[in-house]
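**Q** Here is what each chain is made of, one letter per residue.
There are 2 protein chains.
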Amino acid sequence: MKRIIFALTQILIVIAARVDAQTAPIFVKGELSATNNHTGKIWLNELSMPDSTFNYSVAQAVYDKSAKLDWHIHPAGQILMVTEGEGYYQEKGQPAKVIHKGDVVKCPPGVAHWHGSTPGSTFTYVAVTPAQKGKTIWLQRVTDDEYKNAKNK
Amino acid sequence: MKRIIFALTQILIVIAARVDAQTAPIFVKGELSATNNHTGKIWLNELSMPDSTFNYSVAQAVYDKSAKLDWHIHPAGQILMVTEGEGYYQEKGQPAKVIHKGDVVKCPPGVAHWHGSTPGSTFTYVAVTPAQKGKTIWLQRVTDDEYKNAKNK
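Keeping their order, the protein sequence lines are chains A and B. Taking this note's numbering, the leading residue of the first sequence gets 1, the next gets one more, and so forth. Taking this note's numbering, the leading residue of the second sequence gets 1, the next gets one more, and so forth.
It is possible that some hints are incorrect.
Said to hold, decoys possible - Which chain A residues face chain B? A few, computed with CB under 7 angstroms, are given here:
#1 Thr83
#2 Gly85
#3 Val98
Unchecked claim - Each computed DSS-like pair below joins lysine-lysine, with the alpha-carbon atoms no more than 27 angstroms apart:
#4 B:Lys151 to A:Lys106
#5 B:Lys97 to A:Lys29
#6 A:Lys29 to B:Lys106
#7 A:Lys97 to B:Lys29
#8 B:Lys151 to B:Lys97
#9 B:Lys106 to A:Lys133
#10 A:Lys97 to A:Lys2
#11 A:Lys97 to A:Lys151
#12 B:Lys106 to A:Lys135
#13 A:Lys41 to A:Lys2
#14 A:Lys92 to A:Lys65
#15 A:Lys2 to B:Lys133
#16 B:Lys2 to A:Lys29
#17 B:Lys41 to B:Lys106
#18 A:Lys29 to A:Lys2
#19 A:Lys135 to B:Lys133
#20 B:Lys2 to A:Lys106
#21 A:Lys148 to A:Lys133
#22 A:Lys151 to A:Lys92
#23 A:Lys106 to B:Lys106
#24 B:Lys135 to A:Lys133
#25 B:Lys151 to B:Lys41
#26 B:Lys133 to A:Lys133
#27 A:Lys2 to A:Lys92
#28 A:Lys65 to A:Lys133
#29 B:Lys2 to B:Lys41
#30 A:Lys106 to B:Lys133
Unchecked claim - Pair ranges (Cβ atoms, derived):
#31 B:Glu31 to A:Arg3: 38 to 48 angstroms
#32 B:Pro108 to A:Ile4: 50 to 60 angstroms
#33 B:Lys151 to A:Pro75: 22 to 32 angstroms
#34 A:Phe6 to B:Val14: 14 to 24 angstroms
#35 B:Ala112 to A:Asp145: 49 to 59 angstroms
#36 B:Ala112 to A:Pro119: 46 to 56 angstroms
#37 A:Asp145 to B:Thr53: 28 to 38 angstroms
#38 A:His100 to B:Lys41: 51 to 61 angstroms
#39 A:Arg3 to B:Asp145: 42 to 52 angstroms
#40 A:Ile11 to B:Lys151: 55 to 65 angstroms
Think of the hints as simulated: they come from the structure by calculation, not from any bench. Each residue gets a CB set at the ideal place from its N, CA and C atoms; glycine is no exception.
Just chain A, with the same shape it has in the complex (with noise of 0.2 angstroms):
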C-alpha cells in the first residue's frame, strides 16, 4: 500500500514539473492597461513595435474576466491569434462571435468592432497590426445590452 503511495506522489511530482513547464504562459503578461477604452482589467505586452523594417506592431493582450474593449477601428486592419480562453468578437451590424484559443480572426480595415472575454473565461491573444495607416480609432463603450447579447449567443 505505501508502495502505491509513493508511486502516485512520484507521478503527481513529475506531472506538476511537467505542468509548470508547459502551462507557463507565452509570453509575460506584461503591464496592466490605464487607458480609458475599455472596461475590466487588460494586461499588455507590446512583443515588436513597428520600425523602418517591420511596419507592423505585434502585441500580447491577457484579459481578466469579463473585460473588454471599446469599439474600434484599426485603418489598417487587424490579424488577431487566440493564444488562451474564450471571447467574444462583433462587427457593427453583426452578431458577436464566440471565439477561442487557436483561432485566428482578421477585423478588416476600417470596421468599428469590440473584442473580449466572455465572463467565466481569462483571454489572451497575440495581435499583428499594420501601422501604415495610422492609430486605432476609439468609439464609444460596449454596452451592457451588448455584451447580453454576446453572452446569449
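Once you've looked at the hints, dock chain B against the given chain A.
**A** This is chain B only, laid out in the frame that chain A set:
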C-alpha cells in the same frame, strides 16, 4: 490508507484534465513539410497568407528534435515568436544563440541565417513575414559542424 490513495488518484485526474486543457497546442500542427530546405521533420500551419490587406504571412512551424532549416534569407525580414521548446538561431558570422518559449527574434532583411530545434527539445514558433520584397531565398544546408558548434554554446 485507501482514502489517501483515493484522494491522490482524484488529484491526478483533476490535474490531467487541466493539463489536457492548458497544454493543448495553440494551433494544430499543420502539414509535414515535404520541401528540400530543411533536415528533420518540420510541420507548417499557414495561419494567414499575405493578401492586399495584410501584406505579411503568419505561420506556425513545429520542429521535431534536431530539425533545422537550411541557411536562408528573408528579403524583408521576419519576426519569430517562440511559443514552445528550445532552439537555435544563428546569423552568418555570428555565434548561434539558444532561444526559448517566450523569446521574440527579429531576423533582419537580407541577412543569411538558420534556425532549428536543439537535440533534446521540440521547438515551435509563430513567424510573421513581410511579403512585399518577395519570397525566402534558400541557401546551403547547415553543416554538422555548424550544428555541433551551436550545441556547444
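**Q** Out of the numbered hints, which ones does the structure contradict?
**A** 2, 3, 4, 10, 13, 15, 16, 18, 20, 21, 27, 28, 29, 33, 38, 40
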